[in-house]
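4 protein chains.
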Amino acid sequence: MFVLVNLKAYDCDATAIARAAADVADDSGVRVAVAPQTADLAPVAETGVETFAQHVSPVDHGSHTGSTPAEAVADYADGTLLNHSERRLTLADIDGALGAADRAGLETLVCANNPEQIAAVTALGPDAVAVEPPALIGTGTPVSSADPAVVEGAVAAAESDPSVDVYCGAGISTGGDVLAARELGASGVLLASGVAKADDPRAALEDLVSGL
Amino acid sequence: MFVLVNLKAYDCDATAIARAAADVADDSGVRVAVAPQTADLAPVAETGVETFAQHVSPVDHGSHTGSTPAEAVADYADGTLLNHSERRLTLADIDGALGAADRAGLETLVCANNPEQIAAVTALGPDAVAVEPPALIGTGTPVSSADPAVVEGAVAAAESDPSVDVYCGAGISTGGDVLAARELGASGVLLASGVAKADDPRAALEDLVSGL
Amino acid sequence: MFVLVNLKAYDCDATAIARAAADVADDSGVRVAVAPQTADLAPVAETGVETFAQHVSPVDHGSHTGSTPAEAVADYADGTLLNHSERRLTLADIDGALGAADRAGLETLVCANNPEQIAAVTALGPDAVAVEPPALIGTGTPVSSADPAVVEGAVAAAESDPSVDVYCGAGISTGGDVLAARELGASGVLLASGVAKADDPRAALEDLVSGL
Amino acid sequence: MFVLVNLKAYDCDATAIARAAADVADDSGVRVAVAPQTADLAPVAETGVETFAQHVSPVDHGSHTGSTPAEAVADYADGTLLNHSERRLTLADIDGALGAADRAGLETLVCANNPEQIAAVTALGPDAVAVEPPALIGTGTPVSSADPAVVEGAVAAAESDPSVDVYCGAGISTGGDVLAARELGASGVLLASGVAKADDPRAALEDLVSGL
Numbered sequence: 057m058f059v060l061v062n063l064k065a066y067d068c069d070a071t072a073i074a075r076a077a078a079d080v081a082d083d084s085g086v087r088v089a090v091a092p093q094t095a096d097l098a099p100v101a102e103t104g105v106e107t108f109a110q111h112v113s114p115v116d117h118g119s120h121t122g123s124t125p126a127e128a129v130a131d132y133a134d135g136t137l138l139n140h141s142e143r144r145l146t147l148a149d150i151d152g153a154l155g156a157a158d159r160a161g162l163e164t165l166v167c168a169n170n171p172e173q174i175a176a177v178t179a180l181g182p183d184a185v186a187v188e189p190p191a192l193i194g195t196g197t198p199v200s201s202a203d204p205a206v207v208e209g210a211v212a213a214a215e216s217d218p219s220v221d222v223y224c225g226a227g228i229s230t231g232g233d234v235l236a237a238r239e240l241g242a243s244g245v246l247l248a249s250g251v252a253k254a255d256d257p258r259a260a261l262e263d264l265v266s267g268l
Numbered sequence: 057m058f059v060l061v062n063l064k065a066y067d068c069d070a071t072a073i074a075r076a077a078a079d080v081a082d083d084s085g086v087r088v089a090v091a092p093q094t095a096d097l098a099p100v101a102e103t104g105v106e107t108f109a110q111h112v113s114p115v116d117h118g119s120h121t122g123s124t125p126a127e128a129v130a131d132y133a134d135g136t137l138l139n140h141s142e143r144r145l146t147l148a149d150i151d152g153a154l155g156a157a158d159r160a161g162l163e164t165l166v167c168a169n170n171p172e173q174i175a176a177v178t179a180l181g182p183d184a185v186a187v188e189p190p191a192l193i194g195t196g197t198p199v200s201s202a203d204p205a206v207v208e209g210a211v212a213a214a215e216s217d218p219s220v221d222v223y224c225g226a227g228i229s230t231g232g233d234v235l236a237a238r239e240l241g242a243s244g245v246l247l248a249s250g251v252a253k254a255d256d257p258r259a260a261l262e263d264l265v266s267g268l
Numbered sequence: 057m058f059v060l061v062n063l064k065a066y067d068c069d070a071t072a073i074a075r076a077a078a079d080v081a082d083d084s085g086v087r088v089a090v091a092p093q094t095a096d097l098a099p100v101a102e103t104g105v106e107t108f109a110q111h112v113s114p115v116d117h118g119s120h121t122g123s124t125p126a127e128a129v130a131d132y133a134d135g136t137l138l139n140h141s142e143r144r145l146t147l148a149d150i151d152g153a154l155g156a157a158d159r160a161g162l163e164t165l166v167c168a169n170n171p172e173q174i175a176a177v178t179a180l181g182p183d184a185v186a187v188e189p190p191a192l193i194g195t196g197t198p199v200s201s202a203d204p205a206v207v208e209g210a211v212a213a214a215e216s217d218p219s220v221d222v223y224c225g226a227g228i229s230t231g232g233d234v235l236a237a238r239e240l241g242a243s244g245v246l247l248a249s250g251v252a253k254a255d256d257p258r259a260a261l262e263d264l265v266s267g268l
Numbered sequence: 057m058f059v060l061v062n063l064k065a066y067d068c069d070a071t072a073i074a075r076a077a078a079d080v081a082d083d084s085g086v087r088v089a090v091a092p093q094t095a096d097l098a099p100v101a102e103t104g105v106e107t108f109a110q111h112v113s114p115v116d117h118g119s120h121t122g123s124t125p126a127e128a129v130a131d132y133a134d135g136t137l138l139n140h141s142e143r144r145l146t147l148a149d150i151d152g153a154l155g156a157a158d159r160a161g162l163e164t165l166v167c168a169n170n171p172e173q174i175a176a177v178t179a180l181g182p183d184a185v186a187v188e189p190p191a192l193i194g195t196g197t198p199v200s201s202a203d204p205a206v207v208e209g210a211v212a213a214a215e216s217d218p219s220v221d222v223y224c225g226a227g228i229s230t231g232g233d234v235l236a237a238r239e240l241g242a243s244g245v246l247l248a249s250g251v252a253k254a255d256d257p258r259a260a261l262e263d264l265v266s267g268l
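In order, the protein sequences belong to chains A, B, C and D. Residues in the first sequence are numbered from 57 upward in steps of one, following the working numbering. Residues in the second sequence are numbered from 57 upward in steps of one, following the working numbering. Residues in the third sequence are numbered from 57 upward in steps of one, following the working numbering. Residues in the fourth sequence are numbered from 57 upward in steps of one, following the working numbering.
One or more hints might be untrue.
Stated by the list, open to error - Among chain A residues calculated to face chain D with C-beta under 7 angstroms, some are:
| id | residue |
| --- | --- |
| 1 | Ser113 |
| 2 | Val115 |
| 3 | His117 |
| 4 | Arg143 |
| 5 | Leu147 |
| 6 | Ala148 |
| 7 | Asp151 |
| 8 | Gln173 |
| 9 | Ala175 |
| 10 | Ala176 |
| 11 | Ala179 |
| 12 | Asp183 |
What the hints assert, rightly or not - Stretch-level coverage of chain C by chain D, calculated; a stretch enters the list once three of its residues show a Cβ under 8 angstroms from a Cβ in chain D:
| id | stretch |
| --- | --- |
| 13 | 60-66 |
| 14 | 98-112 |
| 15 | 120-127 |
| 16 | 137-149 |
Said to hold, decoys possible - Negatives, chain B to chain C, calculated, CB over 12 angstroms:
| id | residue |
| --- | --- |
| 17 | Glu172 |
| 18 | Thr197 |
| 19 | Glu208 |
| 20 | Leu235 |
| 21 | Ala259 |
Just so you know, these hints were derived from the structure itself, not from any lab. Remember, it's a predicted structure, so these values are computed and weren't measured experimentally. Built from N, CA and C at the ideal position, the CB exists for glycine as well.
Full structure from sequences and hints, please.
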């Protein structure tokens with residue numbers, strides 16, 4: 057299982073969470089990554105944790121003021137989220153950003169709302185996809201119990217390309233949620249507030265991987 | 057005069073240019089700042105150069121994956137560009153981003169195409185405005201000679217708020233261009249390829265401030 | 057006073073409301089216009105009512121599939137809204153759409169959230185501006201009583217160009233609201249659900265103009 | 057074969073072209089449709105020609121000023137283009153607009169750049185897809201001769217759902233281009249300037265269907 061912690065634009069201590077995630081990954085042997093804000097990529101990567109960007113632009117080097125080029129991100133990060141429900145891209149731009157990320161050597165993880173959209177993004181050849189029903193994001197109600205069919209549907213929808221991993225997100229916060237996700241066929245989870253807003257992020261991370 | 061070097065998404069050595077800019081600022085006493093890609097803000101700021109973001113989002117902390125919150129940027133940068141012609145914002149978002157930048161303690165510089173738009177953004181209360189006719193960006197033909205009336209028009213348009221500085225951009229690359237901009241009433245210049253793509257960025261910076 | 061009824065994407069009988077508005081305008085001598093969905097411009101204009109578009113694109117004729125060119129709109133409409141809070145435009149596109157609308161002979165009415173933004177859009181030279189605090193839209197609480205200072209502030213902000221009319225919107229539904237708006241210095245009102253969702257749109261329109 | 061004429065934002069006589077298209081369809085027995093600007097849907101539909109919108113919004117009735125709701129379009133049109141290269145949508149909005157169009161009873165035709173994107177949109181369940189390499193749009197060089205592999209690739213990519221028709225566009229202007237498209241497996245063509253900017257649109261339409 058893969059545990060990806062998205063720090064969004066939260067007011068949190070990104071490097072402290074990154075250090076905790078690196079330690080938990082080391083101690084447990086579970087793959088854990090952190091996706092900080094773009095400005096925090098460099099200090100987060102310095103902690104040694106596996107680092108993801110939250111977004112990259114579908115552009116190569118050039119006159120693109122205010123963009124987030126994959127090449128610049130790749131100096132610090134190992135991979136990137138794309139098309140998160142809070143940062144939707146056009147279909148053509150998902151395709152373009154996947155190309156830019158590949159050229160820069162970034163692992164790619166494309167988010168989508170439902171199994172149909174998961175099938176669509178799988179056709180574009182990402183490394184992984186993540187299904188996150190928007191209505192459940194930030195609720196604390198895990199998608200694995202609130203809507204298990206959407207996770208199973210996503211797993212089925214991505215079967216057209218066996219090289220594509222399927223993760224699930226929305227409402228994940230406990231080790232039990234992670235096990236339930238695995239039970240439904242997911243090979244990873246995305247979460248955000250469950251760690252970033254936890255009183256003790258390290259303890260939250262330890263709980264997440266405890267059953268694996 | 058203020059010289060702001062926008063590194064856009066160029067393939068350049070951001071920290072080397074930053075160190076050169078810091079040295080030139082020290083040696084000449086002229087205010088020089090560098091605006092790197094967001095991912096490079098931390099290492100650029102470490103050089104000690106005055107650092108600008110290329111963009112910040114009109115949001116505060118929260119669920120805004122893939123945004124560029126002013127609060128995160130302010131951990132590294134002193135100011136920010138807004139509404140560059142390669143990253144246009146809605147009027148409401150310029151207003152919102154100015155508020156977010158103010159709360160985070162960032163100096164604000166809003167770009168616009170022509171004197172009418174300069175008058176409009178001046179009404180929103182930024183620290184500075186910059187007029188950059190899109191047709192001249194990246195041409196090597198300085199706005200100060202190609203279209204001096206647009207610079208004078210911008211200076212006049214911003215007079216409704218004497219606390220707002222007026223800069224000009226597009227095609228600036230030499231010390232002569234900087235002097236011509238000052239002659240037309242501008243108190244600073246924006247440039248990009250003239251430094252970032254120069255064979256010797258340090259020499260280009262030295263030339264820019266040589267007449268001041 | 058000018059009364060502009062925005063039909064948004066409501067499920068309503070656009071031509072019936074248009075006929076009622078034309079009658080009420082004729083009977084009362086008050087200027088009343090209707091802004092239907094783009095697809096309904098032709099049948100609404102045929103009723104003889106003064107017709108506004110809800111939006112036009114900042115483009116002239118050309119390869120712009122799915123846009124709303126001012127030239128095409130002007131075959132049916134007399135004017136257009138721009139930058140409604142549900143259809144925000146970049147500052148450059150407000151400027152561009154104003155130019156396109158002028159060339160097509162459309163009267164222009166630019167919406168904004170607050171007095172600062174009203175000052176900004178006034179600088180771009182529209183025929184009129186409308187202040188609509190987003191928090192009050194659709195509430196039934198009229199801006200004229202909930203936040204009279206924002207209306208007075210908008211009137212003051214637009215004084216830099218005496219040729220620009222100032223309207224107000226958000227929560228307007230009765231003749232009393234219209235009188236209150238006039239009292240605060242507005243020369244017109246925008247409303248939507250107060251007429252479009254009324255059980256009897258004609259009666260709602262008659263009430264709106266009853267005190268004028 | 058299906059021939060769809062997209063009038064974009066061209067300066068052309070939409071109803072005259074619509075009448076010619078209706079006549080050519082009647083005379084030849086070939087299915088011919090016209091996609092005018094939204095404001096022209098009503099008069100174009102009145103000619104009796106099969107009418108497509110150029111775009112619909114991913115919304116139902118409600119507070120969506122300046123949108124193009126499928127419900128309003130369906131009062132006049134039979135179908136709609138979606139995601140044209142000049143009007144790109146997010147993946148989530150393509151999904152949403154397909155749902156809105158279905159509920160309104162509109163036939164759906166989703167455009168995309170290349171076979172990978174065709175596979176992606178096919179997964180969302182449209183009635184038809186159209187591959188249009190952006191580099192060839194408006195060139196007069198037909199995709200069927202400039203890049204036949206992209207047409208064959210699109211046909212193969214859509215085979216996962218046999219109910220989905222595959223059309224091709226970009227550079228189509230003659231009856232020979234239509235035959236070449238059919239030869240490559242397409243069951244229809246999209247074109248724009250080849251008819252809309254022709255000196256004699258009726259003759260251009262007659263030529264297009266002459267070999268079928």
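* Which numbered hints fail -> 1, 2, 3, 4, 12 and 17
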